[in-house]
Structure formats: C-alpha cells, structure tokens
Amino acid sequence: MHAPQQPPMAASRPPQESHANQITATKGFPQGLIQAISHYINTIPLRIWVIDNSASMQVADGHKIVGSTFQNFTTTDCSRWDEAQEEVAFHAYMSGCLGVPTRFNLVNTPVSKSGVQLNRSFSIFENGPARVQQDLQTAGNVMGQILPIGPATPLAYHIRQIQAMVSQMAPKLVSEGKAVSVILATSGVPTDNHGNHGPAVVQDFVQALRSLEGLPILIVVRLCTDDETVVDFYNTLDAMSTNLSYDVVDDFFGEAIEVYLKNPWLNYGMPLHRFRQFGFNIPVFDEIDERALSFPELRQFCAFFFPMQQPWPDPAAQWPSFLRALAMVLAREKMHFNPVTKSLGPWIDLRRLHFVYARNTPFPPDIQVPLAFQQRPHQQPFQGYPPQQQSARSQPQQPGSFQQPRQQQPMPQQQHAPPPPQQQQQQPPPPQSSAPPGAAVSASKYTQASGDEGMAQIKRGILQWATAPPAHQNLRSIDQLLSCFPQTFPPAFGLTDHAYFKKWKSFSPDALSGRDEAVLKRAVRKTKFFLHPDKLPKDLTKEQTFLCKMLWDIVADSWEAFGPSS
Numbered sequence: 001m002h003a004p005q006q007p008p009m010a011a012s013r014p015p016q017e018s019h020a021n022q023i024t025a026t027k028g029f030p031q032g033l034i035q036a037i038s039h040y041i042n043t044i045p046l047r048i049w050v051i052d053n054s055a056s057m058q059v060a061d062g063h064k065i066v067g068s069t070f071q072n073f074t075t076t077d078c079s080r081w082d083e084a085q086e087e088v089a090f091h092a093y094m095s096g097c098l099g100v101p102t103r104f105n106l107v108n109t110p111v112s113k114s115g116v117q118l119n120r121s122f123s124i125f126e127n128g129p130a131r132v133q134q135d136l137q138t139a140g141n142v143m144g145q146i147l148p149i150g151p152a153t154p155l156a157y158h159i160r161q162i163q164a165m166v167s168q169m170a171p172k173l174v175s176e177g178k179a180v181s182v183i184l185a186t187s188g189v190p191t192d193n194h195g196n197h198g199p200a201v202v203q204d205f206v207q208a209l210r211s212l213e214g215l216p217i218l219i220v221v222r223l224c225t226d227d228e229t230v231v232d233f234y235n236t237l238d239a240m241s242t243n244l245s246y247d248v249v250d251d252f253f254g255e256a257i258e259v260y261l262k263n264p265w266l267n268y269g270m271p272l273h274r275f276r277q278f279g280f281n282i283p284v285f286d287e288i289d290e291r292a293l294s295f296p297e298l299r300q301f302c303a304f305f306f307p308m309q310q311p312w313p314d315p316a317a318q319w320p321s322f323l324r325a326l327a328m329v330l331a332r333e334k335m336h337f338n339p340v341t342k343s344l345g346p347w348i349d350l351r352r353l354h355f356v357y358a359r360n361t362p363f364p365p366d367i368q369v370p371l372a373f374q375q376r377p378h379q380q381p382f383q384g385y386p387p388q389q390q391s392a393r394s395q396p397q398q399p400g401s402f403q404q405p406r407q408q409q410p411m412p413q414q415q416h417a418p419p420p421p422q423q424q425q426q427q428p429p430p431p432q433s434s435a436p437p438g439a440a441v442s443a444s445k446y447t448q449a450s451g452d453e454g455m456a457q458i459k460r461g462i463l464q465w466a467t468a469p470p471a472h473q474n475l476r477s478i479d480q481l482l483s484c485f486p487q488t489f490p491p492a493f494g495l496t497d498h499a500y501f502k503k504w505k506s507f508s509p510d511a512l513s514g515r516d517e518a519v520l521k522r523a524v525r526k527t528k529f530f531l532h533p534d535k536l537p538k539d540l541t542k543e544q545t546f547l548c549k550m551l552w553d554i555v556a557d558s559w560e561a562f563g564p565s566s
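Numbering (the UniProt record's numbering), first residue to last: 1 to 566.
Hints listed in this document are in silico derivations from the structure and should not be mistaken for laboratory results. Treat the hints with care, as some may be off.
Label pairs and their in silico Cβ distance ranges [claimed, not checked]:
id: 1; residue 1: E333; residue 2: Q133; range: 28 to 38 angstroms
id: 2; residue 1: Q58; residue 2: S211; range: 28 to 38 angstroms
id: 3; residue 1: D553; residue 2: M240; range: 29 to 39 angstroms
Dumping the calculated DSS-like pairs for lysine-lysine here, alpha-carbon to alpha-carbon at most 30 angstroms [claimed, not checked]:
id: 4; residue 1: K542; residue 2: K459
id: 5; residue 1: K27; residue 2: K342
id: 6; residue 1: K538; residue 2: K526
id: 7; residue 1: K542; residue 2: K526
id: 8; residue 1: K502; residue 2: K526
id: 9; residue 1: K535; residue 2: K549
id: 10; residue 1: K549; residue 2: K502
id: 11; residue 1: K459; residue 2: K503
id: 12; residue 1: K549; residue 2: K526
id: 13; residue 1: K526; residue 2: K505
id: 14; residue 1: K459; residue 2: K505
id: 15; residue 1: K27; residue 2: K178
id: 16; residue 1: K505; residue 2: K342
id: 17; residue 1: K502; residue 2: K521
id: 18; residue 1: K535; residue 2: K459
id: 19; residue 1: K542; residue 2: K505
id: 20; residue 1: K342; residue 2: K521
id: 21; residue 1: K528; residue 2: K542
id: 22; residue 1: K538; residue 2: K502
id: 23; residue 1: K503; residue 2: K521
id: 24; residue 1: K64; residue 2: K528
id: 25; residue 1: K528; residue 2: K538
id: 26; residue 1: K542; residue 2: K502
id: 27; residue 1: K528; residue 2: K505
id: 28; residue 1: K27; residue 2: K64
id: 29; residue 1: K528; residue 2: K342
id: 30; residue 1: K549; residue 2: K528
id: 31; residue 1: K505; residue 2: K64
id: 32; residue 1: K521; residue 2: K535
id: 33; residue 1: K526; residue 2: K342
id: 34; residue 1: K459; residue 2: K538
id: 35; residue 1: K528; residue 2: K502
Built from N, CA and C at the ideal position, the CB exists for glycine as well.
Let's have the full structure, built from the sequences with the hints guiding it.
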C-alpha cells in the first residue's frame with residue numbers, strides 16, 4: 001500500500017488569533033474553552049475527519065439546533081447526514097479561522113444526487129490562508145451535493161491509510177510534543193468493501209486500530225446514531241484501547257443524556273460537545289459520560305472550564321467556598337440551550353450539584369440562585385440509603401469514589417455497590433421515591449413455584465428487592481429500580497461473581513428521579529442491552545443467567561407501566 005500524500009502541517013498561526021478567539025466567543029464558548037483551543041490547537045498540527053457516507057446516513061433520526069445555542073433557537077429533526085453536514089461545516093469553518101490544516105475524507109466515493117461522482121476528499125488550510133475561502137466553498141459544495149448510498153463502511157482501510165501517513169510524520173511530531181487528531185464520524189459498525197460485517201471484519205478493524213498504538217494519534221469516534229449495538233461496539237473498543245487515546249462521542253442530544261445519567265448537574269451545551277470533537281487529549285472531559293466525577297476531577301473540570309487567577313477551592317475540604325466561587329463565575333456566563341430540559345440554563349445547576357456532592361449539608365444561604373435555574377418542583381431528588389444499609393464492599397478512595405466534605409455519608413458509586421457476602425440474604429431496599437407512580441404492576445407473574453430450590457431462593461430475593469413494601473405485591477417504579485440496579489449483582493443472593501457484572505456503569509439516582517421520559521428511555525435501553533441474552537457471556541452459570549432473565553422481565557414490565565409512550 002502506498003502512503004497517501006503527506007499534507008503540510010501548520011507552519012504558522014492565524015494572522016489574527018484574537019479574531020479567532022472572538023469568533024469562538026460568539027459561538028458561545030466559555031473563556032476556559034476559548035483559552036484551551038488557543039493552547040491545544042498548537043499541539044494538533046493536522047486533523048483528519050473520516051466521514052461515513054453510506055446509505056445508513058439517510059436515516060431520519062438526527063437532530064440539530066437552528067439559531068444560537070444561547071439566545072434564539074429551535075430544534076428540528078433531520079437525517080444523520082444533515083447532522084453530519086452541520087458538524088463538518090462548523091469544524092471546517094473553525095479550521096479556517098484557527099489556521100489548522102484539516103482533511104475530510106469520505107468513506108465511499110461520493111455520488112451527487114444527480115449521479116455524478118464527486119471528489120472523495122477535501123481540505124481546509126492545506127494550501128495556506130490565501131485559499132481558505134475557496135476551501136470552505138469547496139467543502140460546502142461537496143457536502144451539499146452528496147447522496148449517501150451503498151452498504152459499505154470500510155473503516156479499516158481508511159485507518160491503515162492514516163497509519164501510513166502518520167508513521168512518516170511521527171518523528172517530527174514526537175520531538176515537538178504534537179499529535180494528529182482523527183475523527184471517525186459514522187453511524188454503523190465497520191464492514192468490508194462489499195458491506196459485509198462479521199468476526200473477520202471486526203478482527204481486521206481491531207488490528208487496524210492497534211496499528212496506531214505508539215503513534216502520536218488522538219482518536220474520537222463521533223457516532224451519528226444511538227443504536228445501542230453500534231454504541232456498545234465502539235465503547236467496547238474504548239475499554240480495550242489502553243495504549244491509544246480513544247474517545248466515543250454520541251450525537252449532541254444522545255451524548256447530553258449520557259452525560260446527564262452520570263453527572264446531572266452539568267448542562268451539556270453545544271460548545272462543550274463541539275470542543276470534545278476537536279480531538280484534544282483532556283481526560284476529565286472523556287469521563288463525564290462514563291461516571292460521576294470525583295472531587296479532584298470536579299475541581300479540575302471547573303478550573304479548566306472557568307479559569308481564575310487564584311486557585312479553585314478544594315471541594316472536598318472547602319465545599320461552601322467552592323460553591324461560592326462557582327456561583328461567581330457562572331454569573332458572568334451566558335445561558336445555554338440544555339438538550340435534556342430543552343430550555344436555557346447555566347452551565348452548572350448549583351443546587352443539583354450541591355445535592356449530588358453534599359446532600360447532608362445545607363445549601364449556603366448567601367448564594368443566590370435564580371428561581372428559573374433551580375431544580376424543577378416535579379423532580380424529586382434521590383434521598384439515598386440509610387447509612388446502616390451501605391455495602392461493606394465499597395471500594396477504597398480512588399477517582400470516582402467520593403469523600404463527603406465534613407460529612408461521611410455515602411456517595412453515588414458507594415450507594416450502588418452490591419452487598420457483601422454476609423448480607424446476601426438481606427437486600428437493602430431501593431430508594432424511596434415521592435415521584436408519582438405509574439400503573440401498578442403485579443408481581444404475581446413471577447411467583448410461580450420452581451422445582452429448583454436454588455432458583456426459588458434467587459427469585460424470592462429479587463422479588464423482595466423489586467417490590468414495594470409492606471405488601472410486596474407490586475413492582476416499584478422504573479426510576480426506583482434502575483437507581484439501585486447493581487444491588488442485585490453477585491455476590492447477592494449467594495451467587496458467584498463474574499467479571500461481566502463489573503462492566504455495568506451506574507446511573508446517577510438524581511438523574512432518574514425527575515422521571516423524564518427521554519432520560520428513562522435511554523437508561524432502560526442501556527439496561528436491557530446489558531441483560532440481553534445475545535450480549536451475555538457464554539460462561540455464565542445457570543443461576544447468573546436466570547438472574548439476568550428475571551431482571552430483564554422486571555425492567556420491561558416496570559417500563560411498560562411507566563406510560564403509553566414508553
């Protein structure tokens with residue numbers, strides 16, 4: 001394979017960097033992200049977008065915002081391709097403003113709506129600033145004419161092309177402490193050139209990715225779909241890619257819900273979403289959709305997002321001071337469209353942040369939070385388990401497991417830990433929710449006698465967990481069940497442990513307590529995907545498999561009772 005022509009790296013900064021900063025400010029970027037772009041863009045001399053233009057991009061399940069992300073706006077449904085066009089247009093424009101060569105490669109040879117073949121690639125700033133306007137016009141013309149067709153998504157081929165190119169550039173990049181960012185914008189799993197997908201194709205793709213290890217490359221997979229099978233495929237690769245900078249980002253609305261399920265205090269505004277697609281290697285930003293941030297990470301996130309001259313207070317030791325500092329910087333920031341609430345709001349909901357991290361301490365009375373930005377009245381926050389019901393299996397202090405300032409009450413990850421072996425027969429009840437219940441679901445369908453006493457014992461334990469006291473006749477609501485889902489995992493009910501259950505990523509109970517349908521729908525879908533028979537490891541015991549099957553049925557029934565649109 002011949003290496004493609006090596007594009008020039010950025011030889012000079014834009015003539016008016018202050019002008020570029022002004023442009024990012026008009027796009028709603030906070031000062032911290034503006035400064036970060038100015039700094040990190042010098043470490044990314046080349047960006048490469050690989051854009052899926054297969055027929056799957058015609059599916060009309062995309063979303064986009066029309067208008068400003070912090071003033072006047074509307075949301076509209078669109079195709080995946082329309083959404084990709086919007087992202088490419090933004091990043092092409094920013095590449096011209098920032099003076100960073102960016103190459104856009106189409107996965108398949110593009111064809112126009114009239115059947116004419118188009119160029120397979122185009123670039124911004126490869127020929128210097130004099131041709132930026134022409135570059136942008138070419139980009140708009142190509143993307144606007146393309147009709148996504150064909151079944152193939154041959155990503156492995158494109159990755160190997162990039163590997164050959166960057167291998168030549170690597171010595172210079174490494175000596176200068178720089179890297180190439182690669183953004184894979186796709187709506188499907190990899191295929192071969194004929195659209196076939198199978199174990200051999202997957203293995204070929206994995207090998208292509210591994211060929212990038214050791215090279216100065218930062219990879220972002222920008223998913224143009226919320227198909228859980230596709231999402232899981234790329235997230236699984238994320239977990240495997242220990243020697244590769246690799247992050248998976250969903251579409252704007254889908255990623256916002258993913259972030260909300262882990263960190264519901266954060267408004268995942270469009271500037272943050274687009275910033276993550278620049279390909280910068282900022283670990284704390286990679287974690288916001290994976291798990292709740294620890295106190296050190298929360299401090300790091302705020303210091304990055306809202307830079308101050310003096311150091312940020314330590315939230316673990318100075319929580320009220322940390323909140324006051326945050327309130328001060330938020331007062332200077334614009335409101336942004338919140339894709340979860342579909343309304344304008346601040347970057348951070350202070351009261352919800354306080355509840356998540358310091359629920360046992362009073363909210364500082366001197367901090368004024370406008371009523372419009374306080375937690376909505378119908379959202380009844382998770383109240384937590386009583387201290388005596390905490391699992392002794394909680395992990396030692398580490399990133400993602402918190403220490404409460406002044407109070408030693410449990411934090412979300414600890415609340416979700418399964419009970420220790422000595423407590424296997426005494427499952428702590430799920431959190432009490434004052435949210436209005438859905439239709440009651442009788443548990444009688446699960447109480448049929450079982451000839452296997454071991455299975456019967458597991459069933460009794462699950463029903464004790466899943467039903468509402470004191471009668472234990474009806475299932476709890478779906479938000480209550482999902483809030484404490486990991487309590488059912490081994491070693492609960494005397495089951496032997498299995499590594500698969502450790503892959504579960506808990507939801508923030510506070511995110512579920514509002515009973516927002518879109519949020520619950522995403523959480524239920526992720527839960528059912530985790531429990532799906534085709535997803536389960538083949539080496540589970542029959543008792544472990546029975547547990548997953550019963551949990552699947554309970555979650556499905558509780559979700560069905562949530563409402564007719566569920």
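Hint-by-hint comparison with the structure:
1. E333 / Q133: 28 to 38 angstroms: Since the Cβ atoms of E333 and Q133 sit about 32 angstroms apart, the hinted range of 28 to 38 angstroms holds.
2. Q58 / S211: 28 to 38 angstroms: With a Cβ separation near 31 angstroms, Q58 and S211 satisfy 28 to 38 angstroms, so the hint holds.
3. D553 / M240: 29 to 39 angstroms: holds, 31 angstroms
4. K542 / K459: OK: K542 and K459 at ~13 angstroms, within 30 angstroms.
5. K27 / K342: holds, 18 angstroms
6. K538 / K526: It holds: about 20 angstroms lies between the C-alpha atoms, which stays within 30 angstroms.
7. K542 / K526: Judged against 30 angstroms, a Cα distance of about 23 angstroms means the pair holds.
8. K502 / K526: Cα-Cα ~15 angstroms, so holds.
9. K535 / K549: holds, 12 angstroms
10. K549 / K502: holds, 18 angstroms
11. K459 / K503: Measuring from Cα to Cα gives roughly 23 angstroms; hence the hint holds.
12. K549 / K526: Given that 30 angstroms is the threshold and the Cα spacing comes to 15 angstroms, the pair holds.
13. K526 / K505: holds, 10 angstroms
14. K459 / K505: holds, 24 angstroms
15. K27 / K178: This hinted pair holds, its Cα atoms lying about 26 angstroms apart.
16. K505 / K342: holds, 25 angstroms
17. K502 / K521: Measuring from Cα to Cα gives roughly 22 angstroms; hence the hint holds.
18. K535 / K459: holds, 22 angstroms
19. K542 / K505: Measuring from Cα to Cα gives roughly 23 angstroms; hence the hint holds.
20. K342 / K521: holds, 16 angstroms
21. K528 / K542: holds, 19 angstroms
22. K538 / K502: Given that 30 angstroms is the threshold and the Cα spacing comes to 16 angstroms, the pair holds.
23. K503 / K521: Roughly 20 angstroms between the alpha carbons, so the hint for K503 and K521 holds.
24. K64 / K528: Judged against 30 angstroms, a Cα distance of about 28 angstroms means the pair holds.
25. K528 / K538: holds, 17 angstroms
26. K542 / K502: holds, 18 angstroms
27. K528 / K505: With a Cα-Cα distance of about 13 angstroms, the restraint between K528 and K505 holds, given a limit of 30 angstroms.
28. K27 / K64: The hint holds at about 15 angstroms.
29. K528 / K342: holds, 26 angstroms
30. K549 / K528: Holds: K549 and K528 sit about 10 angstroms apart, inside 30 angstroms.
31. K505 / K64: holds, 28 angstroms
32. K521 / K535: holds, 19 angstroms
33. K526 / K342: Since the Cα atoms of K526 and K342 sit roughly 22 angstroms apart, the hinted pair holds (cutoff 30 angstroms).
34. K459 / K538: Roughly 22 angstroms between the alpha carbons, so the hint for K459 and K538 holds.
35. K528 / K502: holds, 16 angstroms
No hint from the list above goes unmet by this structure.
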